[in-house]
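Protein chains: 2
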Amino acid sequence: MASRVNGLKGKVLTLDTMNPCVRRVEYAVRGPIVQRALELEQELRQGVKKPFTEVIRANIGDAHAMGQRPITFFRQVLALCVYPNLLGSPDFPEDAKKRAERILQACGGHSLGAYSISSGIQPFREDVAQYIERRDGGIPADPNNIFLSTGASDAIVTVLKLLVAGEGRARTGVLIPIPQYPLYSAALAELDAVQVDYYLDEERAWALDIAELRRALCQARDRCCPRVLCVINPGNPTGQVQTRECIEAVIRFAFEEGLFLMADEVYQDNVYAEGSQFHSFKKVLMEMGPPYATQQELASFHSVSKGYMGECGFRGGYVEVVNMDAEVQKQMGKLMSVRLCPPVPGQALVDMVERQEVLAELAAKAKLTEQVFNEAPGIRCNPVQGAMYSFPRVQLPLKAVQRAQELGLAPDMFFCLSLLEETGICVVPGSGFGQQEGTYHFRMTILPPMEKLRLLLEKLRHFYAKFTRDYS
Amino acid sequence: MASRVNGLKGKVLTLDTMNPCVRRVEYAVRGPIVQRALELEQELRQGVKKPFTEVIRANIGDAHAMGQRPITFFRQVLALCVYPNLLGSPDFPEDAKKRAERILQACGGHSLGAYSISSGIQPFREDVAQYIERRDGGIPADPNNIFLSTGASDAIVTVLKLLVAGEGRARTGVLIPIPQYPLYSAALAELDAVQVDYYLDEERAWALDIAELRRALCQARDRCCPRVLCVINPGNPTGQVQTRECIEAVIRFAFEEGLFLMADEVYQDNVYAEGSQFHSFKKVLMEMGPPYATQQELASFHSVSKGYMGECGFRGGYVEVVNMDAEVQKQMGKLMSVRLCPPVPGQALVDMVERQEVLAELAAKAKLTEQVFNEAPGIRCNPVQGAMYSFPRVQLPLKAVQRAQELGLAPDMFFCLSLLEETGICVVPGSGFGQQEGTYHFRMTILPPMEKLRLLLEKLRHFYAKFTRDYS
Chain A
1 MASRVNGLKG
11 KVLTLDTMNP
21 CVRRVEYAVR
31 GPIVQRALEL
41 EQELRQGVKK
51 PFTEVIRANI
61 GDAHAMGQRP
71 ITFFRQVLAL
81 CVYPNLLGSP
91 DFPEDAKKRA
101 ERILQACGGH
111 SLGAYSISSG
121 IQPFREDVAQ
131 YIERRDGGIP
141 ADPNNIFLST
151 GASDAIVTVL
161 KLLVAGEGRA
171 RTGVLIPIPQ
181 YPLYSAALAE
191 LDAVQVDYYL
201 DEERAWALDI
211 AELRRALCQA
221 RDRCCPRVLC
231 VINPGNPTGQ
241 VQTRECIEAV
251 IRFAFEEGLF
261 LMADEVYQDN
271 VYAEGSQFHS
281 FKKVLMEMGP
291 PYATQQELAS
301 FHSVSKGYMG
311 ECGFRGGYVE
321 VVNMDAEVQK
331 QMGKLMSVRL
341 CPPVPGQALV
351 DMVERQEVLA
361 ELAAKAKLTE
371 QVFNEAPGIR
381 CNPVQGAMYS
391 FPRVQLPLKA
401 VQRAQELGLA
411 PDMFFCLSLL
421 EETGICVVPG
431 SGFGQQEGTY
441 HFRMTILPPM
451 EKLRLLLEKL
461 RHFYAKFTRD
471 YS
Chain B
1 MASRVNGLKG
11 KVLTLDTMNP
21 CVRRVEYAVR
31 GPIVQRALEL
41 EQELRQGVKK
51 PFTEVIRANI
61 GDAHAMGQRP
71 ITFFRQVLAL
81 CVYPNLLGSP
91 DFPEDAKKRA
101 ERILQACGGH
111 SLGAYSISSG
121 IQPFREDVAQ
131 YIERRDGGIP
141 ADPNNIFLST
151 GASDAIVTVL
161 KLLVAGEGRA
171 RTGVLIPIPQ
181 YPLYSAALAE
191 LDAVQVDYYL
201 DEERAWALDI
211 AELRRALCQA
221 RDRCCPRVLC
231 VINPGNPTGQ
241 VQTRECIEAV
251 IRFAFEEGLF
261 LMADEVYQDN
271 VYAEGSQFHS
281 FKKVLMEMGP
291 PYATQQELAS
301 FHSVSKGYMG
311 ECGFRGGYVE
321 VVNMDAEVQK
331 QMGKLMSVRL
341 CPPVPGQALV
351 DMVERQEVLA
361 ELAAKAKLTE
371 QVFNEAPGIR
381 CNPVQGAMYS
391 FPRVQLPLKA
401 VQRAQELGLA
411 PDMFFCLSLL
421 EETGICVVPG
431 SGFGQQEGTY
441 HFRMTILPPM
451 EKLRLLLEKL
461 RHFYAKFTRD
471 YS
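Read top to bottom, the protein sequences are chains A and B. The first sequence: position 368 = 368 (the UniProt record's numbering), numbered continuously. The second sequence: position 242 = 242 (the UniProt record's numbering), numbered continuously.
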């Protein structure tokens, strides 16, 4: 210890001594490309000359940041809850006041500032149950199976946390789609679980193929104990919407193989392509009847960050568990209680989740995105049926791939960085979500306002053309 | 798999197959006693006759639930941010409007509904840095060392997560005070780290004794690698406020023994006993000069849930890191980014953390609590100098201890459950926080309104007298 007193000590916590699982975590949606975008915004503010005047953040599904207006009713209710003196004001509609009073009644001390019970305020969970029942054509939902959370991410990680156990080859394996939303790979790295990739079929509009599921499962069995199957529907980043037949097949597969089903359905209100329809795993499971309906374990996740609300900043979400072991469910409640409770304003938004609106504009944006990309030689984009992302495939010239390798970058990272530097457009390389070896993609949200999106797509197409010329 | 199809399958996820670390988690503040309190409230609502008419929740530091009024200015600003149409209203003061406009300027799309960067909105972190500088008499604070979080709990778990590594005897050991706030034991169980207990000295008003720290450290060295020292000041549940001398000694100890310091200072604005003063670890560390000031790693945590704000439901908090390895700090940012961002309304409250108010009433409540308890034979209560809890020690008659053992309950759990059943008063047994073998305590908040608190203390004293009579 003498050396320490002589002031020669090193740090206690370094890259070498820190949690190796945390080191392995990667999260592309906010990775280096976003760091660079922040720097560029700084430089622009400082008046540094750039070939563009603003950075367009198409990297993350952040509706309000992209100009989507908050829905007045929700904000009126929240304002009334935050500052109840306003309940006397004539400037607020009666339905908003009624809703606010109902919410405050349910809060400790009638204040959003009180802790709630850890699983979320009971009347809110009852409202969520009603929302689910309406969504699923009357199939009952039990409020006691619903846990509110700090955005869907929190609930997803909590359920994974329960499922991770065992050592070595007995370690829990978790099947996730590739491309995936990187929360999954990040959480699995952090929890030191085994990530088992199954590939979505780009040739069939990112369809989920049971044969591929089976291949992934069988190959995984000699290195881990696969116990969980994660499905993202509508897809993120891939934007496909699963057919009812596909969902039934997935449920049968999970049941036969003894897998706990996790259904990430946060984009359930973002379905707009003609002929596409959202079917919840819960509804399909229940309609399949026993033994599936009575035994297959399922956790379904939803959020106020997406859909027509787009209230990302409030971090509201929930999970509904189906056929979960009663004792485990108690353990889940206990685990959540350690963090006390989800943010109450977010809970209040979840409480209002049932108010539906059409997404006509997103449908138009989705169509436009698909058209413009598919008119560009070298770019191929599947139909965007749901969610809020396109995940086009780009051919990259060999010279670009070589240049990227020289720079120690993934080729699509090199492409996206160049795009950002020259156009200010911030998209996320496909390598951050996973893709078939040798294919290159990027994820771009379709959220910018119509005019801006049109411009953005044109810029992107021209940049790609120039990029391919420069490197061939 | 045939058996599954025949419907004979068991659950994938059971107590036996679930994450054993999660199973080991315990969290007394929301444990069985609180479950029972919820049931009793249900029964009261259903008109079941009880020896009391309401359940008094003295189990958790939930100020608003206990009738503390939210501070108007904060709520006005939040209401304006939530529903900016109000910025035109004459009913809101100019300073609130200015503050709200400033906050909205800093939000993506000028909406609380947009994601923020993961470490928290930059101008907010700058304001927090200013708050810290004022608090510490001008010692500089760098906004880049401040990470906003979902309440302090989130930040505490994140820092612990970085620090946990190694296997077997090389596993990270974390020194925590006993009695402790059970977030620590819960998080360490979840992370499978080694909990190393050091006992606070009840005879010296729960003082932290360096000799005891050294004892705990030395005894721990043969079962783990102690790398972290957690200190809670002001104490939870013990309510003591550390002297500057004590803090200096702790820092010297941590430095010499190569320990990362975690200072839980969420009650820094809850110091009211005469002669008690809050000294931040950061300030003391900096004033000690090199090598401490330049090398000792420290993370200090604060929250909007406590202090004069008491806005628990918004889940706002922050951590300031000092002398943290730059690469590790990047890793911490990455880890936080996986959860996207802390709730933005909570961030806005953190932004306003600097507005101080006196806590005269809490001081009076603390005094009253101490007096009433110490007048009761068999109960002994240390002065409550800070935070919002008393942690009185109770002698339990042998027969009560035996009865508890017959029921398979910790004796103080048995006492608290009996108290709840007969009086409706909900407090938490000391066994949930840790206590010297053979001693019994409970944690009670001093938050109820003065009159209610007086009544509660009287009830409690009478119940204790009766309890001891019944069991002797």
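These are computed hints drawn from the structure, not numbers from a lab. It is possible that some hints are incorrect.
If chains are identical, the list can't say which one is meant, so a pair holds when it fits in one copy or spans any two.
Calculated cross-link-like contacts (lysine to any residue; reagent style SDA-like; alpha-carbon spacing at most 20 Å) [stated by the list, open to error]: (1) 9 <-> 248; (2) 330 <-> 32; (3) 334 <-> 257; (4) 452 <-> 67; (5) 9 <-> 329.
Hints, one by one, checked against the model:
no., hint, result
1, 9 <-> 248, "between (60 Å within a copy, 19 Å between copies)"
2, 330 <-> 32, "between (40 Å within a copy, 11 Å between copies)"
3, 334 <-> 257, "neither (29 Å within a copy, 35 Å between copies)"
4, 452 <-> 67, "within (11 Å within a copy, 49 Å between copies)"
5, 9 <-> 329, "between (47 Å within a copy, 19 Å between copies)"
Hint 3 alone, counting from the list given before, is not met by this structure.
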